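Peer 1: Full structure from sequences and hints, please.
The chain contents come next:
Protein chains: 2
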Amino acid sequence: MNRLFLLLTLIFIPHCQAFASDQPEPVWRSLDPQNSVLMQLPHGDVVIELAPTFSPNHVNQMKELIRLGVYDNQPFYRVIDGFVAQGGPQDESTHKKATETLTLEGEWSTDSTFTFTPIQENDMFAPVTGFIKGFALGHDPANKTAWLLHCPGVIAMARGNDPDSGTSHFYITIGQATRYLDRLMSIFGRVVYGMEHVHAIQRTQVIEGDTPVEPDEHIRIVSMRMMSDIPEDERIHLEIEDTETAAYQQFLTERRHRTAPFFFKPPPPVLDICQVPVKTRIAND
Amino acid sequence: MNRLFLLLTLIFIPHCQAFASDQPEPVWRSLDPQNSVLMQLPHGDVVIELAPTFSPNHVNQMKELIRLGVYDNQPFYRVIDGFVAQGGPQDESTHKKATETLTLEGEWSTDSTFTFTPIQENDMFAPVTGFIKGFALGHDPANKTAWLLHCPGVIAMARGNDPDSGTSHFYITIGQATRYLDRLMSIFGRVVYGMEHVHAIQRTQVIEGDTPVEPDEHIRIVSMRMMSDIPEDERIHLEIEDTETAAYQQFLTERRHRTAPFFFKPPPPVLDICQVPVKTRIAND
Numbered sequence: 059m060n061r062l063f064l065l066l067t068l069i070f071i072p073h074c075q076a077f078a079s080d081q082p083e084p085v086w087r088s089l090d091p092q093n094s095v096l097m098q099l100p101h102g103d104v105v106i107e108l109a110p111t112f113s114p115n116h117v118n119q120m121k122e123l124i125r126l127g128v129y130d131n132q133p134f135y136r137v138i139d140g141f142v143a144q145g146g147p148q149d150e151s152t153h154k155k156a157t158e159t160l161t162l163e164g165e166w167s168t169d170s171t172f173t174f175t176p177i178q179e180n181d182m183f184a185p186v187t188g189f190i191k192g193f194a195l196g197h198d199p200a201n202k203t204a205w206l207l208h209c210p211g212v213i214a215m216a217r218g219n220d221p222d223s224g225t226s227h228f229y230i231t232i233g234q235a236t237r238y239l240d241r242l243m244s245i246f247g248r249v250v251y252g253m254e255h256v257h258a259i260q261r262t263q264v265i266e267g268d269t270p271v272e273p274d275e276h277i278r279i280v281s282m283r284m285m286s287d288i289p290e291d292e293r294i295h296l297e298i299e300d301t302e303t304a305a306y307q308q309f310l311t312e313r314r315h316r317t318a319p320f321f322f323k324p325p326p327p328v329l330d331i332c333q334v335p336v337k338t339r340i341a342n343d
Numbered sequence: 059m060n061r062l063f064l065l066l067t068l069i070f071i072p073h074c075q076a077f078a079s080d081q082p083e084p085v086w087r088s089l090d091p092q093n094s095v096l097m098q099l100p101h102g103d104v105v106i107e108l109a110p111t112f113s114p115n116h117v118n119q120m121k122e123l124i125r126l127g128v129y130d131n132q133p134f135y136r137v138i139d140g141f142v143a144q145g146g147p148q149d150e151s152t153h154k155k156a157t158e159t160l161t162l163e164g165e166w167s168t169d170s171t172f173t174f175t176p177i178q179e180n181d182m183f184a185p186v187t188g189f190i191k192g193f194a195l196g197h198d199p200a201n202k203t204a205w206l207l208h209c210p211g212v213i214a215m216a217r218g219n220d221p222d223s224g225t226s227h228f229y230i231t232i233g234q235a236t237r238y239l240d241r242l243m244s245i246f247g248r249v250v251y252g253m254e255h256v257h258a259i260q261r262t263q264v265i266e267g268d269t270p271v272e273p274d275e276h277i278r279i280v281s282m283r284m285m286s287d288i289p290e291d292e293r294i295h296l297e298i299e300d301t302e303t304a305a306y307q308q309f310l311t312e313r314r315h316r317t318a319p320f321f322f323k324p325p326p327p328v329l330d331i332c333q334v335p336v337k338t339r340i341a342n343d
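Chains A and B are the protein sequences, given in the same order. Per the numbering used here, the very first residue in the first sequence carries number 59; after that it's consecutive. Per the numbering used here, the very first residue in the second sequence carries number 59; after that it's consecutive.
Careful, some of the hints might be misleading.
As the list makes no split between identical chains, a pair holds if one copy fits it or if it spans any two.
EDC-like mimics (lysine to aspartate or glutamate), calculated; alpha carbons at most 16 angstroms apart, straight line [what the hints assert, rightly or not]:
#1 K337 / E302
#2 K202 / E158
#3 K121 / E266
#4 K323 / D220
#5 K121 / D198
#6 K202 / E165
#7 K323 / E165
#8 K337 / E266
#9 K323 / E158
#10 K323 / D222
#11 K337 / D268
#12 K337 / E299
#13 K121 / D220
#14 K337 / D300
Since the hints were made in silico from the structure, they are not lab data. Source: prediction; values computed, not measured.
Peer 2: In structure tokens:
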């Protein structure tokens, strides 16, 4: 083995070590085709898991619009690096199919039965953060409320100043978590596959003085389909790491208290929930 | 004006409103060609501002390697969505030009003259955060130390387990801030232009069960040049928002205490430094 090869195997490996063999195997759950969306982009496939438990009305409206074909061949017309990729129907005749405005589903009340996998206390934006089935949430025990978080890769409904004005235009977060939008918007799902293709969507906003991007350069959605409406053999079959398991707890503990030799001094024993991975894999069926 | 057009102008505009006309104009500084790098990728140009004030030895070595052409036609061979894009010379004969290992420049000592633009106290990872000339830093007043932060778009040297083992391989952060790496790595610059092209670099790591990405699919750097070595009329002339001004302070205050009608209830009055923009524009010369 020559020196360079040795160097390449040693350089900067903590990301891999987080899943080293002394850890228990993740526990997986199947992604429900009834609650997942295949979004085909010109440059790759994206799969979104919907969140009917948290935002049932937004999920229902999205399912209806998807089945009407409202998003097919429609552009991502507002794409700002480090912020959001926003898309929606530009054709008013199509858009009229989606005139029902939605009441905000930005947070919900919790009761004594509320349980989740806790991640961190006092992360600036929430008294407590945690996961439920891979969805990142904030929780305020004093006010008995919880809400989904604007971590990268969530999908939420755009709206006007009226909190209850969302209809069909959506955004996917593509930068550092825009947590100041938490509780103010209706998050209704998250990208579980193909996030790299969302990151590669043509930006529409340029810096001052740079060449503008013309509308005909905007990336258009090839199609959006409910996974359950796609023939079985054309689906992407995915499994998601189950965040409600002892294996995931152990993963969290080791991530919080890193002991790999690479960490010659320990980082603060805290976890940014938006930087904690929940893995996806292709189902082996 | 039809209803749809009105809707499109109203939907989700707070990002724009942050720079509305009632705010003072930003103050700009010119990017120093002696301390900036043009990295040409097959799909677009990226400009990196180096940080000689904070990591002088890493900056010097990078300048030397860039001028030797060490990075030209070399791949981003370790690209993990939501984490880093890592590149460096694969050809050992070239790499030998860069065998000098560098002592970690992960943090530095501060004295009573240390000043910066404060952003936030107690953000989990640092007692205080702030900016110096657009570079995000953490500060520990008790221990009199400061360090650059792993916000998205910083460039840092890869290394082995030995903290002083970095040579020439570097990574650019592409996901949610990997703040657990703060102080453990040598950050020596940040992307100030073309970050969308970094986000679009071909990922090299796929999820379990997915089709592997072959090495010949890895994106190669076309060239890396010191901006000052490029003929004047071929340079990208940039200006960076000056973070040490009253105008920037006012921008921060309004971002912390959002009053736009869109925010029907106020977000917590805190700022995640990695989500606070420092603008770049094309110089008008």
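Peer 1: Determine for every hint whether it applies to the structure shown.
Peer 2: Now for the hints, and whether the structure bears them out:
Only within a single protomer do K337 and E302 lie at most 16 angstroms apart by alpha-carbon distance; the minimum there is 13 angstroms, versus 41 angstroms between protomers. Taking CA atoms no more than 16 angstroms apart as the test, K202 paired with E158 passes in neither setting, with 30 angstroms inside one copy and 57 angstroms between copies. For the identical chains of this complex, K121 and E266 are neighbours neither inside a copy (38 angstroms) nor across copies (28 angstroms), given an alpha-carbon limit of 16 angstroms. Proximity of K323 to D220 under the C-alpha cut-off of 16 angstroms is restricted to the inter-copy arrangement: shortest distance 11 angstroms between copies versus 49 angstroms within a copy.
In this homomeric assembly, K121 and D198 never come within 16 angstroms of each other (Cα to Cα): the closest approach is 30 angstroms inside a single copy and 49 angstroms across copies. Taking the closest pair of Cα atoms, K202 and E165 come within 16 angstroms of each other only inside a single copy of the chain (10 angstroms); across copies the shortest separation is 41 angstroms, beyond that limit. Taking identical chains as interchangeable, the C-alpha atoms of K323 and E165 lie at most 16 angstroms apart only when they sit on different chains, with a minimum of 13 angstroms there against 39 angstroms within one chain. In this homomeric assembly, K337 and E266 come within 16 angstroms of each other (Cα to Cα) only across copies, at 9 angstroms, whereas the closest approach inside a single copy is 38 angstroms.
Taking the shortest Cα distances, K323 and E158 never come within 16 angstroms of each other, neither inside one copy (55 angstroms) nor across copies (23 angstroms). Taking the closest pair of Cα atoms, K323 and D222 come within 16 angstroms of each other only across two copies (13 angstroms); inside a single copy the shortest separation is 48 angstroms, beyond that limit. For the identical chains of this complex, K337 and D268 are inter-copy neighbours only, at 13 angstroms across copies versus 38 angstroms inside a copy, given an alpha-carbon limit of 16 angstroms. Within a single copy, K337 and E299 get their C-alpha atoms as close as 5 angstroms, which meets the 16 angstroms cut-off; across copies the closest is 38 angstroms, which misses it.
Taking identical chains as interchangeable, the C-alpha atoms of K121 and D220 are never at most 16 angstroms apart, the minima being 23 angstroms within one chain and 52 angstroms between chains. For the identical chains of this complex, K337 and D300 are intra-copy neighbours only, at 9 angstroms inside a copy versus 40 angstroms across copies, given an alpha-carbon limit of 16 angstroms.
Consistency with the previously given hints fails for numbers 2, 3, 5, 9 and 13, ordered from lowest to highest.
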